[in-house]
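So the chains spell out like this:
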Amino acid sequence: MAAAEISRDEQAFLEYVQGGGQVETTDWLPDDYRAKLVKFIEMHGNSELMGVLPEREWILRAPTLQRKLALTAKVQDEVGHAQLIYRVVEDLGKPREQCLADLISGTSKFHNVFHYPTKTWGDVGVIAWLVDAAAIISQKALLKCSYAPYARIMKKICWEESFHILHGRDVILAMVTGTPAQFELVQEALDRWWGPLMQFHGNPIPADEDPMFTWRIKSQGNEEARQQFLDGYVPQILELGLTVPDPKLRKREDGVWEYTEPDWAELKSVVTGHGPRTADRLAFRARYLEQEQWVRDALAA
Amino acid sequence: MIWEIFRRDRAGQPFEHAGSIEAPDAEFADAWAREQYGRRGESIALWLVPRDAVHVVSDWADEFDLKYRRVDGYSIKARLKEARERASVKSG
Chain V
1 MAAAEISRDE QAFLEYVQGG GQVETTDWLP DDYRAKLVKF IEMHGNSELM
51 GVLPEREWIL RAPTLQRKLA LTAKVQDEVG HAQLIYRVVE DLGKPREQCL
101 ADLISGTSKF HNVFHYPTKT WGDVGVIAWL VDAAAIISQK ALLKCSYAPY
151 ARIMKKICWE ESFHILHGRD VILAMVTGTP AQFELVQEAL DRWWGPLMQF
201 HGNPIPADED PMFTWRIKSQ GNEEARQQFL DGYVPQILEL GLTVPDPKLR
251 KREDGVWEYT EPDWAELKSV VTGHGPRTAD RLAFRARYLE QEQWVRDALA
301 A
Chain D
1 MIWEIFRRDR AGQPFEHAGS IEAPDAEFAD AWAREQYGRR GESIALWLVP
51 RDAVHVVSDW ADEFDLKYRR VDGYSIKARL KEARERASVK SG
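Sequence order for the protein chains is V and D.
Residue 1 is where the first sequence starts when you use our numbering, and the numbers rise one by one after that.
Residue 1 is where the second sequence starts when you use our numbering, and the numbers rise one by one after that.
Hints are not guaranteed to be accurate.
Said to hold, decoys possible - Which chain D residues stay away from chain V? Per the calculated CB distances, all over 12 Å, these:
no., residue
1, Ile2
2, His17
3, Arg51
4, Ile76
5, Ala87
What the hints assert, rightly or not - Computed cross-link-like contacts, DMTMM-like style, restricted to lysine to aspartate or glutamate with a CA-CA straight-line distance of at most 25 Å:
no., chain 1, residue 1, chain 2, residue 2
6, V, Lys140, V, Asp170
7, V, Lys140, D, Asp9
8, V, Lys156, D, Glu35
9, V, Lys156, D, Asp72
10, V, Lys156, D, Asp62
11, V, Lys68, D, Glu35
12, V, Lys156, D, Glu16
13, V, Lys94, D, Glu42
14, V, Lys68, D, Glu42
15, V, Lys39, D, Asp30
16, V, Lys155, D, Glu16
17, V, Lys144, D, Glu4
18, V, Lys156, D, Asp59
19, V, Lys156, D, Glu27
20, V, Lys144, D, Glu42
21, V, Lys268, V, Glu253
22, V, Lys39, D, Glu22
23, V, Lys94, D, Asp9
24, V, Lys36, D, Asp30
25, V, Lys155, D, Asp62
26, V, Lys109, V, Asp254
27, V, Lys94, D, Asp25
28, V, Lys144, D, Asp65
29, V, Lys140, D, Glu35
30, V, Lys155, D, Glu82
31, V, Lys140, D, Glu16
32, V, Lys156, D, Asp65
33, V, Lys155, D, Asp30
34, V, Lys155, D, Glu35
35, V, Lys156, D, Glu85
36, V, Lys156, D, Glu42
37, V, Lys155, D, Asp59
38, V, Lys140, D, Glu4
39, V, Lys155, D, Glu63
40, V, Lys144, D, Glu16
I should point out that these hints are in silico values taken from the structure, not numbers from a laboratory.
Built from N, CA and C at the ideal position, the CB exists for glycine as well.
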């Protein structure tokens, strides 16, 4: 049968995507939908690109050659994700140069977890294991995104993230089975990262008040994602003898996790450019963008 | 220049669209696509197609009733019932 043509009517479009329908670049898209897509996907691209910087700091200091290679491979994966994602944004009408300019000027955002320092090798393990675990929960939900070109590249991204989680777990397991000092390094990193991890999926705004859900860019609400993270990973943390730094954390009989209210003021401040490492990392990105201009010029010539 | 990338997972599987890359020529596109879509051995082959070379067909005229070409063009339920009834009357 012929593919049903999507009518140029916002209400009909909304019903179509809410019924599980997917659209392509060449379809008619309501202006608001296109704007929301660009904002969401661009932030994802920014996060992949900025997300390599905390780990990059540890490539030269990695404890073994194997770890150094694995970390380099992870960085390559994340930059590759950024390239694919910015391509999707370009097809929606915003050039990559503009995305990068907006990132550096602070006009667009990137995920909260990439604004923090990586103080020890313990941080590298916690990031690769738990930050990537939190991210893969969001990204798996994007496999059903109403915008099909984005959903398609998410398959590759999720597949690669699963390596990262395993690499992170391996780093953590090496440390928790090592000396007491190594164990302590993991616990100390977890203590610092728990707050940002709990903020990661955003405030518990009901799904039907979230415009990204309304347009079915996301297929689940923020709290649903956080609950899934807790359900999957708290048992894995505890079984290693680590402590989750939240005395209120518990799973109720109905299966819902209770926890101390995350610091939403901190989340807001961090993602609007006031994180402990925001300025340094943006300056680093700006410097490299300028320094490597000749490479882009040479390739385009 | 935009290149659409199609990848084949395993022998016998169809090529599936996997994303696109921007590269000034085929040589660059080749190097980049290998890196993006093959560095873990996840593809046995890739097709790199310049986006401009893709001839798209997506408008389907339907001015004739072509139902007879499709399974939903045939409703046999009622006639089958009747045929079975007649058959049972004859044999009974």
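How the hints compare with the structure:
1. Ile2: With a cut-off of 12 Å, Ile2(D) comes too close to chain V, as the shortest Cβ separation is near 8 Å.
2. His17: violated, 7 Å
3. Arg51: Contrary to the label, Arg51(D) does not stay out of reach of chain V, its closest Cβ about 9 Å off (not over 12 Å).
4. Ile76: holds, 20 Å
5. Ala87: Holds, because the least Cβ-Cβ distance between Ala87(D) and chain V comes to about 34 Å, which exceeds 12 Å.
6. Lys140(V) x Asp170(V): Holds - the C-alpha atoms of Asp170(V) and Lys140(V) are around 22 Å apart, at most 25 Å.
7. Lys140(V) x Asp9(D): Cα-Cα ~20 Å, so holds.
8. Lys156(V) x Glu35(D): Answer holds: Lys156(V) to Glu35(D) is near 13 Å, not above 25 Å.
9. Lys156(V) x Asp72(D): Given pair Lys156(V), Asp72(D) is violated - Cα atoms ~37 Å apart, limit 25 Å.
10. Lys156(V) x Asp62(D): violated, 37 Å
11. Lys68(V) x Glu35(D): holds, 19 Å
12. Lys156(V) x Glu16(D): holds, 12 Å
13. Lys94(V) x Glu42(D): Violated. Lys94(V) to Glu42(D) sits at ~30 Å, over the 25 Å cutoff.
14. Lys68(V) x Glu42(D): Status holds; Cα separation ~23 Å.
15. Lys39(V) x Asp30(D): Cα-Cα ~31 Å, so violated.
16. Lys155(V) x Glu16(D): Status holds; Cα separation ~12 Å.
17. Lys144(V) x Glu4(D): This hinted pair holds, its Cα atoms lying about 21 Å apart.
18. Lys156(V) x Asp59(D): Given that 25 Å is the threshold and the Cα spacing comes to 30 Å, the pair is violated.
19. Lys156(V) x Glu27(D): The hint holds at about 23 Å.
20. Lys144(V) x Glu42(D): Given that 25 Å is the threshold and the Cα spacing comes to 22 Å, the pair holds.
21. Lys268(V) x Glu253(V): Given that 25 Å is the threshold and the Cα spacing comes to 32 Å, the pair is violated.
22. Lys39(V) x Glu22(D): holds, 21 Å
23. Lys94(V) x Asp9(D): violated, 31 Å
24. Lys36(V) x Asp30(D): violated, 33 Å
25. Lys155(V) x Asp62(D): violated, 35 Å
26. Lys109(V) x Asp254(V): violated, 36 Å
27. Lys94(V) x Asp25(D): Given pair Lys94(V), Asp25(D) holds - Cα atoms ~22 Å apart, limit 25 Å.
28. Lys144(V) x Asp65(D): Outside the cut-off at roughly 34 Å; violated.
29. Lys140(V) x Glu35(D): Given that 25 Å is the threshold and the Cα spacing comes to 23 Å, the pair holds.
30. Lys155(V) x Glu82(D): violated, 51 Å
31. Lys140(V) x Glu16(D): holds, 19 Å
32. Lys156(V) x Asp65(D): The given pair, whose Cα atoms are some 42 Å apart, is violated under the 25 Å limit.
33. Lys155(V) x Asp30(D): Measuring from Cα to Cα gives roughly 21 Å; hence the hint holds.
34. Lys155(V) x Glu35(D): Answer holds: Lys155(V) to Glu35(D) is near 16 Å, not above 25 Å.
35. Lys156(V) x Glu85(D): The hint is violated at about 57 Å.
36. Lys156(V) x Glu42(D): holds, 10 Å
37. Lys155(V) x Asp59(D): violated, 28 Å
38. Lys140(V) x Glu4(D): Satisfied, since the Cα-Cα distance of roughly 23 Å is no more than 25 Å.
39. Lys155(V) x Glu63(D): violated, 39 Å
40. Lys144(V) x Glu16(D): Holds: Lys144(V) and Glu16(D) sit about 17 Å apart, inside 25 Å.
The structure is inconsistent with the numbered hints 1, 2, 3, 9, 10, 13, 15, 18, 21, 23, 24, 25, 26, 28, 30, 32, 35, 37, 39, although it conforms to all the rest.
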